[in-house]
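Chemist: Those sequence lines, one after another, are chains A and B. Going by the numbering used here, 80 is the number at position 80 of the first sequence; the sequence numbering is gapless. Going by the numbering used here, 139 is the number at position 139 of the second sequence; the sequence numbering is gapless.
Treat the hints with care, since some could be wrong.
To give an idea of the chain A side of the interface with chain B (calculated C-beta under 8 Å), a few residues [as the list claims (entries may be wrong)]: (1) Ile-28; (2) Phe-30; (3) Gly-78; (4) Tyr-82; (5) Thr-121; (6) Gly-123; (7) Thr-124; (8) Gln-131; (9) Ile-192; (10) Gly-195; (11) Gly-237; (12) Pro-241.
Please keep in mind that the hints were generated in silico from the structure rather than gathered at the bench. Note that CB positions come from ideal geometry on N, CA and C, so glycine has one too.
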Amino acid sequence: MRAREAYRLPPDKQEKLRRAVRLEWATIAFMISIIVLLYFTLGSSQAVKTAWFEDILSLVPPIAFLIARRVEQKEPNGAFPYGYHRAISIAHLCAALALFGMGAFLLFESSMSLIKAEHPTIGTMRIFGHQVWLGWVMIAALVYSVIPPVILGRMKLPLAEELHDKVLHADADMNKADWLTGLAAIGGIIGIGFGLWWADVAAAALISLDVLHDGTKNLSSAVKDLMDRQPARVKDGEPDPLPDQIRTALRTRSWIGDADIRLREEGHVLTGEAFVVPAGEPPDLLALLEEAAREAEAMDWRLYDLAMVPVRSLPDPERGGGSRGGDAGAERAFTAEDR
Amino acid sequence: MRLPWLLLAGTLLGGLAGCDLPRDPQGTLDRVTGGTLRVGAIIAEPWAVREGEVATGVEAGLAKTFAASLGSDVRWNFGAEGELLAALERHELDLVIGGLTRSSPWSKRLGFTTPYFTSQVVVGAPAGTLAAAGRLNGVRVLVREGSATAKYLEDEGAVPVRVPDLSAADGPVAAPEWELRRLGLQPGDHILYRRAHVMAVPPGENAFLVRLERFLDGQSGEIEGELARTRP
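The following block holds chain A by itself, in its conformation from the complex (with noise of 0.2 Å):
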């Protein structure tokens, strides 16, 4: 099989990339320092317990992130001829699943403890020869872990969105329940403090909701991704202006008479085809193809390996089925009935 030409990130996002990477082994080792951490200072407080296992999980996205990214960097061959760049889309369907399998935990088990009505007992630890409330030692190692989740979450999210990396934006999203699980369990051992037992699990439940419309979120995105739905934005999830922009672009040279186009996500990279109906017979169409795909692919560096079709027409938007006009009709319904 005759495999594609390789891709090359620009220069300047290779660099970016390459501070992903330092990023997510930067996460792993706090993660890991944060774990061990958290692990000797485990009372029987539910939301500690919920914010380790958590920082567990959170594991997943970062190792996701550096498999794939040592993946996708294979060249397409015989056996792959569409390449390694799918790698970062399975990366990304196992982070979501990391994070709304954190969700779907940290809910069940805070309300289950809510209902069985679970008094959490913290007793003393000997430090420095006193008798120290272990929740206060609880609370200073969950300050330590929530400090490097903040910051590096900070960090990511603007990089996911210059690198179009969906993996590394659910990584940040996990940063961010990562946090977030740790204030509400400073908050439910200080309202334990306080002789106010629910305080706990109460805080942790009202956590799980958001970190499961995160993982919802991401879940949904990286299936449909999989399932080559249009671009969209890593942002927001919205659909991405780019296929429209080069359709209009397309559409305005003067030797194309119709022009559309159709694209899907690989990864950090956007592909597909790009039908043009040639406006009569130009001389040496061949090479005006070849100039047409070029300067296509200019537009944003993240296309690759745009194949320029040329048709003798489009099919007439007023009938359905295949027709360009359904195809768009059906685009819009798709994402209607989605959001």
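Starting from the structure of chain A, add chain B where the hints point.
Modeler: Chain B alone, transformed into the frame defined by chain A:
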């Protein structure tokens, strides 16, 4: 996170540290102070022994001293472990004593103190006859019948000899160190397992628990001596 936020958070936490935390959801400490401490005693020599309407023993003594430190009177209740702990879980008792250890499955449903005393179960023998540490393979070791210790001995390759009474032993015996000393035997170095002794409080009564743990922490030096004074 910017500096003002950190300062604000720090001030808040500092302010909280000034409050008298933690507090009890059911107010056990407040009720008990200057009032009555309802203690459930599981009969377990030498930790709690019944003498008429009161309990004696190492943990009973600790409970009495603790009650005195709160200016409260002790009301003793005797019963089976499950019965007393179930009452404790429902706040019908304030404290349960009697040889409870940290490994109890009740630890998830109640408040257990951090271990105030850890006894090591070892093999001991009359002074001078103690075999080299760790060489338990094939050795016949006396152990009280109905004790988990026999299984630990088997796991180490020793041959447990289950007897109803250890006082007549003239060879190696497996028991907690304090018991070996009480029998006039010299404890060896090889630890079969540990028993981390705790007391139980109602679930979630953190102020009361913290108060008790601070008290027990101050007593830990006395436990060995108290144990040595007990007689079977």
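Chemist: Against this structure, judge whether each hint is valid.
Modeler: How the hints compare with the structure:
1. Nearest Cβ of chain B to the Cβ of Ile-28 (chain A): about 21 Å, over the 8 Å cut. The hint is violated.
2. A distance limit of 8 Å between C-beta atoms decides the matter here; for Phe-30 (chain A) the minimum to chain B is near 14 Å, and the interface restraint is violated.
3. Checking Gly-78 (chain A) against chain B: minimum C-beta separation of about 51 Å lies over 8 Å; hint violated.
4. Violation of the interface hint for Tyr-82 (chain A) is found here, the shortest Cβ-Cβ separation to chain B being roughly 43 Å, above the 8 Å cut-off.
5. The closest approach between the C-beta of Thr-121 (chain A) and any C-beta of chain B is roughly 4 Å, which is under the 8 Å cut-off, so the hint is satisfied.
6. Below 8 Å, beta-carbon pairs count as interface contacts, and Gly-123 (chain A) has one with chain B at about 5 Å; its hint therefore holds.
7. Of the supplied interface hints, the one on Thr-124 (chain A) holds, with its beta-carbon coming within about 4 Å of a beta-carbon of chain B, less than 8 Å.
8. With 8 Å as the threshold, the beta carbon of Gln-131 (chain A) comes within range of chain B, its nearest partner Cβ sitting at about 5 Å, so the hint holds.
9. At a threshold of 8 Å, the smallest CB-CB gap from Ile-192 (chain A) to chain B is about 6 Å, leaving the interface hint in force.
10. Because the beta carbon of Gly-195 (chain A) sits about 4 Å from the nearest beta carbon in chain B, less than 8 Å, this interface hint is met.
11. Because the beta carbon of Gly-237 (chain A) sits about 28 Å from the nearest beta carbon in chain B, more than 8 Å, this interface hint is broken.
12. The beta carbon of Pro-241 (chain A) comes no nearer than 35 Å to any beta carbon in chain B, farther than 8 Å, and the hint placing it at the interface is violated.
Violated hints for the displayed structure, listed by number in ascending order: 1, 2, 3, 4, 11 and 12.
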